[in-house]
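Participant: Protein chains in written order, with our numbering: chain F, 1 to 471; chain B, 1 to 175; chain V, 1 to 619; chain A, 1 to 101; chain C, 1 to 496.
Simulated from the structure, these hints should not be mistaken for laboratory data. Remember, it's a predicted structure, so these values are computed and weren't measured experimentally. Hints are not guaranteed to be accurate.
As a list, the in silico DSBU-like pairs of lysine-lysine whose alpha-carbon atoms are at most 35 angstroms apart [what the hints assert, rightly or not]:
(1) C:375 - V:67
(2) C:207 - C:161
(3) V:554 - C:375
(4) C:161 - C:414
(5) A:88 - V:594
(6) V:158 - C:375
(7) A:88 - B:138
(8) V:158 - A:89
(9) B:36 - B:138
(10) B:36 - A:88
(11) V:554 - C:414
(12) V:554 - C:207
(13) C:281 - C:375
(14) B:145 - B:36
(15) V:554 - V:158
(16) C:450 - C:207
(17) V:158 - B:36
(18) V:158 - V:555
(19) C:414 - V:555
(20) V:67 - C:450
(21) C:207 - C:375
(22) C:375 - V:555
(23) V:158 - C:450
(24) C:161 - V:67
(25) C:281 - C:414
(26) V:555 - C:161
Rough simulated footprint, nothing fancy, chain C against chain F, three-plus residues with beta-carbon under 8 angstroms [claimed, not checked]:
(27) 74-80
(28) 353-362
(29) 375-382
A virtual CB, placed ideally from N, CA and C, is assigned to each residue, including glycine.
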Amino acid sequence: MNLESLHSLLPQILLALGSTAILLGGAWVRNRRLWLIVGALVAVVAALVAAFVDPARIDILGMYSATAYARFCTVLWCLTVAATLLISCRYVDLFRFGGGEYASLMLFAAAGMSLLSSATSFVGLFLGLEVLTLALYVLIAFRQGDSRGAEAGMKYLVFGAVATAFLAFGIALIYAATGTFNLEAAAAGLQTEEGLRPLGLAGWALLLVAIGFKISLVPFHLWTPDVYQGAPAPVSGLLATAAKGAVLAAFLPLLVMTGEGVADIRNVLWLLAIATMLVGTFAALPQTNIKRMLAYSSVVHMGYLLIALIVAGDEGSRALLFYMVVYTLATFGAFGIVTTFADENGEIQEYDDLRGLATLHPRRSAMLSVFLLSLTGIPPLAGFFAKFGLFQAAFRGGYAELAVVGVIASIISVYYYLRPIIALYSPEPAVVCREVAAQSETLVLVGCAAIILFLGVYPAPLLTLVGLVIP
Amino acid sequence: MIATLMFYLLGAVALGATVMAIIQRNPVYSVIYLVKSIFSLALIFYLLGAPMIAALQIIVYAGAIMVLFLFVIMMLEVTPTNAATRTAPGWFHWGPVLLLALTLVALTLMLIGLDPVSSEGVPRWHASPRDFGYTLFKEYALAVKIISFQLSFAAVGAFHVGMTERRRARQEDAS
Amino acid sequence: MDILLILILLLPLAGGVINACFGSRMPQPVPVFIACGAVIGSFLACLGSLTLAAGDGYRLVLFTWLKSGNFQADIGLLYDPLAAIMTLMVTGVASLIHLYAAGYMEDEPDQVRFFALLNLFVFAMLTIVLADNLLLLFLGWEGVGFCSYGLIGFWYRKTENADAGRKAFIVTRIGDLFFAVALLWLFALFGTISIEGINAQVSGLEVTTVTMISLLLLFGACGKSAQVPLMSWLADAMAGPTPVSALIHAATMVTAGVYLLCRMFPLVSLSSTAMAAIALVGIVTALYAATCALAQNEIKRVLAYSTMSQVGYMFLAVGLGSVSAAMFHLLTHAFFKALLFMTAGCLINLAGHENDIRRMGGMRQRSPLVFWLFLAGLLCLAGAPLTSGFFSKDLILATAFAHGDPFHLGLYGLGVMVAGLTSFYCFRLAYLVFAGDFRGDELPHEPSALMLWPLYPLAILGLTAGLLNLPHLFSGGSWLSGWLGRTQDVLHLSISIEYLLIGTAIAVFVLGWLLAALRYRKYSERQPSLVGEFLLNGWRVDDLFDLLLVRPFKKIGRFCSQGVEAGLIEGVLNGAARGCTDLGMRLRGLADGKVSAYLQGLVWGFVLIVGWFLLRALV
Amino acid sequence: MIVPMEHLLILATLLFALGLGCVLVRRNLIMILIGVEIMINSAGLVLVGASAFWQQVDGQIMVLILMAITAAEVAIGLALVVYLHQQKKSIDVGIFDEMRG
Amino acid sequence: MTAIMATDFPLLSLLLFTPLAGALMCLVIGAANGTNARWVALITAGIVFVLSLVLCLLQTPAAGWLLYEDYSWIENFGIRYTLGLDGLSSVLILLTAFLQVLAVLVSWRQNHAPAIFFALLLILETAAIGVLLALDLILFYLFWELMLIPMFFLIGVWGYKRRFYAAVKFFLFTLIGSLCLLLAVISLYLLHGEQTGVYTFALEALKQTELSGTQELIFFLCFMAAFVVKVPLFPFHSWLPDAHAEGPAAGSVDLAGLLLKTGVYGMIRFAFPLFPVAAQKTMPILAVLALVGLFYAAWVAFQQIDIKRIVAYSSISHMGFVILGLAAWNQTAWEGSVLLMVNHAVTTAGLFAVVAMIEQRTGTRALDQLGGMWKSHPNMSAFFLLFCMASLGLPGLANFAGEILILIGVFTVKPLWAIIAVVGILFSAVYTLRLVQGTLWGSSCEPHDKQDLVPREWLVLIPLAVLVVLLGCYPQPVLELLREPVSSLLMSGGLP
């Protein structure tokens, strides 16, 4: 633990210290908005540091790395968390979220995510994941006295704990087989002529369960809609985007490093991808609650991302990262809109309650439409190029069948994405929701929508960037 | 030789205690059985050359975590009567689940069995507390720090979640 | 001169368009003036440009209508003797009819529409006549159909009228299809659709092809000319105002088919089979219509069937190879039939808007003038000696006789028989309308002077038009045949045979008169016999068509819309949608809210993964 | 090594399966958490065994990390248990099915 | 690729993005006041119309692109921003721009969120123009899909009772087709990249790709899936009647006038030249489907009660005619097809406009409740009659010119097809006359609004009526424009 390592870990340190500081400060100054803003600032600063301060060294104590890829992810999650904080301004007042804890836990989660996606050893991976999960346990059940929040927290806790156990046992098995926690070395140690060693396979099976839970792959997805529905909308947004993205981001190098042994895992992933895409899609069809729908949609999108993971290589990684960014923007935005529609009675979740909101809130409705259409993958929104890159990668990698299943899923997805939009624009209003969005909310959402539109027209910058950072 | 025998003995005890812990209807008994299992595991750890871990196992697990469990159980007065499921008795679910667990065990064991790890000729090894501490605070210093953060935030989280309405309201008033 | 030629077409078009667009904004008599002026102007232009037509005719191209690849259709006029005579007749008769209509429609609030359509109709008819290519001819051809649709259904408030218009449009359009196919085929063969071009190139064609194309043209002509089997629309078309009946169904539209066949005569005449078919269609129609006319109760329907029958004669003439006979009959028929219809209009007014001859009678007392005019028309129609109808009909029959072979002699025999029938129903009509006392109870509605005035020239023309092509027996020079350049149509029969033929014709005429006089001089109410009923309904052809065409069409339509569209396609789609939703409901049911169930799902997933890996490791 | 590695793995696997069984079968939230503890214990067993097998301390340190993490998790988990109990007066996970579908 | 008119000014982009800018203006200016939005939309549409008219007049009958723009865009995927304007596209763009002006006028009284409504109309215009200009497959696809969104909203938000059903059906149908297209485009791109090492989506480059017979067939079918659904060809037409019946008037005008046309354009510009062999091999199938559709739609139209649905099915029937012309694969037929497309757009737009007016005045679209409109609304009825006559193919009016060219072209290749198609003309007469009969003639229904045409409606109908007559009597200018593009497209496809 020397200065150089600390220097390389600067963003994460900033996040951790910032969260502690806010926690302490929150005990004295009970001003909710202040701490949210401070938290967002800290996150942004961390992101800037990660983006522009060259790390002293790449390898940090054999546990983490400061590669371009890791820093890119750090920036991404930091910004997401900052956005989440900004979007919660009105929300925290509305539901009287305690002063500093909320912001502090968010930052802590950001630290966890950033550690997670820069992990180079199983120990680092495990720690990052636990930091993230722990923060989320609390955040999901953050709204006091809300029985749904409590239920969601309980469900996430049970699953999280079981997943932790699976992860631990998987890591233990792999360690037993190879004698190292380093991802690369472990992968090499598991490799034999014919593929992975059986012990490695057993370990991987356990790891897959844990990861599958975290990014909600079918059949480990069942908790997802309940938790998303019960959690506060901003937290759901974070859960659906950064929390999943971080795990995927950690998973990508893991898979890349596994080398040829990946062939064995690929089959399982192939199966999981197809099951995830289809089951998620069909289950989303009859939903009438926008948060649940978005939950199932996130399941489906994880299936799409699995395609990129399976393809791997440069093409796959690029497609994955691009898709992840675009998906994050859109999903986050959608949850953000749900956040802004919340009032004292709770959040507006049912489609029936959305009816006719467009006449009252044309801008937010338009933005929600943009987000949902981007998720559908309709040009000229970023979602199109994301899917385009994905399918193209799938074709190049020789997984045309996955692309076809993906296409089928996106066709069906039209139905459930369009339902809330039509509800929004229907001429006869259901309930009168007169909540005016706070400035910070508008700022963040307009930003998301603008980026989605921009990337939909001109995705080249992000594509180039992503091409630079792939592991 | 004795160590080997001890291992099997302790393993059997651990398994037995665990089974007992699982099937107890009263959580208090479960916890007690679990402590028994943890003790046997700690001994096994010792036999495997990990005295520090064995000690910590007893201190942390048995001493802290299990006590915490007990504390909560006592606090909530979770007795067999009111902890029992409202619907069918626990046994009702056991059939399919046991089948599942057995399949799982069988599958995993078969997988493990396919990959024989030749442990013959590996000498007994003993990690001294000194080595342990040295590695922990040298190589894994970062992990230690993260864990300390983690624990403090766990405290914060637990505090937040566990806070009663009344107390929260009082806090709100204060601000 | 070109401008005159263009004016022939342009004036009615302009009149129609101006009336259609601005007529309703003009003060009342102006549209009528415009309409009448346009047609009369057209007639004058026609007279003025007549010299152009002599000899081989004159060709004028205005602009290119359609040009694509090697296909080219111009807006071009071909003004040759045939077209000229036809143009003259159309514009002339139309002028008179317009004037008559101005009187007839005086009280009609929606005059503008009427006159606009009437003008357009004349324009369309002139387009048929003057077109130098088949596509332009087709334009007129269809235009005539549309205008007749609008005019027949002019009194649209009564659904029957509108339906009659629709029937006319659709039935004639069936014929148009054949024409269209012939057009396509001709283009495919010759690479041109110019009438002259085609007629110049036909000689090299195979006979079968010619036969096929000619038959297609024949069918096309049948539609417009109401010949068997596409004849059923004409009788219903009487639903329109009387001037319309006069214009469309006497003088112009129905003659379009005859004109087309004459136009394409160089092509058609190459195939003897086609010629025989044309003749046969003609005679069958003549016979059919004559029998139907025997039993009709409405004055205009009688006239309508008589038109059909007379047009049948014209077809017969074409089939016999005598263009001039056909054109001769066409002309004379135009005059006296227009006269008849318009007088019938007067009669209907006089009878108090009563159509049914059973409720007329004694009309002579109501207006002797109309009686004489109507009688003049009837005499022409019946072929009374020395009237124009007599000469033109005689020429056709004589031509048939002159061929000499059994087939044509048979045609002649049937023709004579039809002449007898014609005479019979003409006098039946005359007796029922004029003899005895008035049987209706409506007050007369005196025809205005404007309605009567145009009748005189027509009556005179009807009675004297025979002079146009007077055979040499009557020391005539067959002027029409000469004008048309068809000297081969002039018959050179021996005097005795000519006298024999004339004698037969006169005898048949008298026989028909006598029989009619015997039966109808005294009116008596009687139940129609079965045969009468059958004839009254036009041999129940409508029912046959209904059974053969309309009902299957509707049935298939129902099958398509209910069976295929709503049942199959929508069914499959809805089924798929429901399948998806059901699957969705089932999958969503997996998440039943219970943690235990969720955990089991997790473990099942784990088992599957491990199982799969085990399989991989074992194999 | 005092015992073959396989035996150790078998013992651990059995423990893991027992823990998992506990998680699956019991509906008492506390018992579920206890089941998770058993599972994590079994992971620790493997790690210690592997540590002995490879003669490295790393595995043991991982066990320590596991313990700490478990402690944190249990702290939050039990706080949640208390919170849930406050709300519904029960810690039976089966009755928390307000959200479904 | 050289352009005839060498100009550095990006005229095409200007043309393309003017409506988009107008849409933004609509949203900004019109948010508070609906009238502003209407005027912005009208003015924008007018500007685009004038622009496209100018471009049309600039066209020379020479081969090649009049204007051509090519910029680097997304290098990572080899996607370029390539636009090209030739006679074919300029004719269709002019049509689009023209109809868009009318669509704005038709929906002038739209009161539910007018700003968004008109913005969507303008976005739709951009998309349609983009489709007609794009020469890069992904650019094309982008605009192709972009057409969906505004149309979806127009139907789904401003439609009638079953609007969600209709909108989703429309969206799903077209999306299924276009995703097939996307997959094929991607595979073609990869194949081309593997063969030449150059990864590009440029149409010209992709034409050079060497394909095996099966590959070509599969790609072709995927391409056609998108286009055939849009056209729509039997049996993929099921979305159209619903979309028309449930959509607002402007939606129907655009649907019939713009969207359907892009399908045929896609075939001519992309599917046939890219896969000529497969195209020619499958032509008979296409022709058979076209013919079946021609009659089938006519029969179904004959059974409809809703007048809007009758017009919708008549669209399907006419588009069958268009496709039949394409299947003939020769100059005359193709020119006829494009001409018929233009004419049909004008005619059908007129029909939908009048139907909307009828519905506005009577409150119903059911044939059995209507009748005798001529009595109360003679002017409107006259226009309706005119459009109906054009629709049933009366010579001298718009549709006939195209139909006869198609028939002539088809007859020289396959006489039987032409003969069958001729019968189709009769069928169109049958159902169209039923439509006229039920609305204009007969005893009068009691319309609650006795007002005949108002000035705005005159403004909509007169241009359409003039065009209907003009295109029927003198379609030569359009045909001149089409000659070169069509012949070069035919050449690149290889004449059989």
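Participant: Taking the hints in turn, state whether each one holds.
Facilitator: Each hint tested on the structure:
no.	hint	in the structure
1	C:375 - V:67	violated (41 angstroms)
2	C:207 - C:161	violated (46 angstroms)
3	V:554 - C:375	holds (29 angstroms)
4	C:161 - C:414	violated (45 angstroms)
5	A:88 - V:594	holds (15 angstroms)
6	V:158 - C:375	holds (12 angstroms)
7	A:88 - B:138	violated (47 angstroms)
8	V:158 - A:89	violated (81 angstroms)
9	B:36 - B:138	holds (34 angstroms)
10	B:36 - A:88	holds (32 angstroms)
11	V:554 - C:414	holds (29 angstroms)
12	V:554 - C:207	violated (48 angstroms)
13	C:281 - C:375	violated (54 angstroms)
14	B:145 - B:36	holds (31 angstroms)
15	V:554 - V:158	holds (23 angstroms)
16	C:450 - C:207	violated (58 angstroms)
17	V:158 - B:36	violated (103 angstroms)
18	V:158 - V:555	holds (27 angstroms)
19	C:414 - V:555	holds (29 angstroms)
20	V:67 - C:450	violated (45 angstroms)
21	C:207 - C:375	violated (58 angstroms)
22	C:375 - V:555	holds (33 angstroms)
23	V:158 - C:450	holds (21 angstroms)
24	C:161 - V:67	violated (47 angstroms)
25	C:281 - C:414	holds (15 angstroms)
26	V:555 - C:161	holds (30 angstroms)
27	74-80	violated (count 0)
28	353-362	holds (count 3)
29	375-382	holds (count 3)
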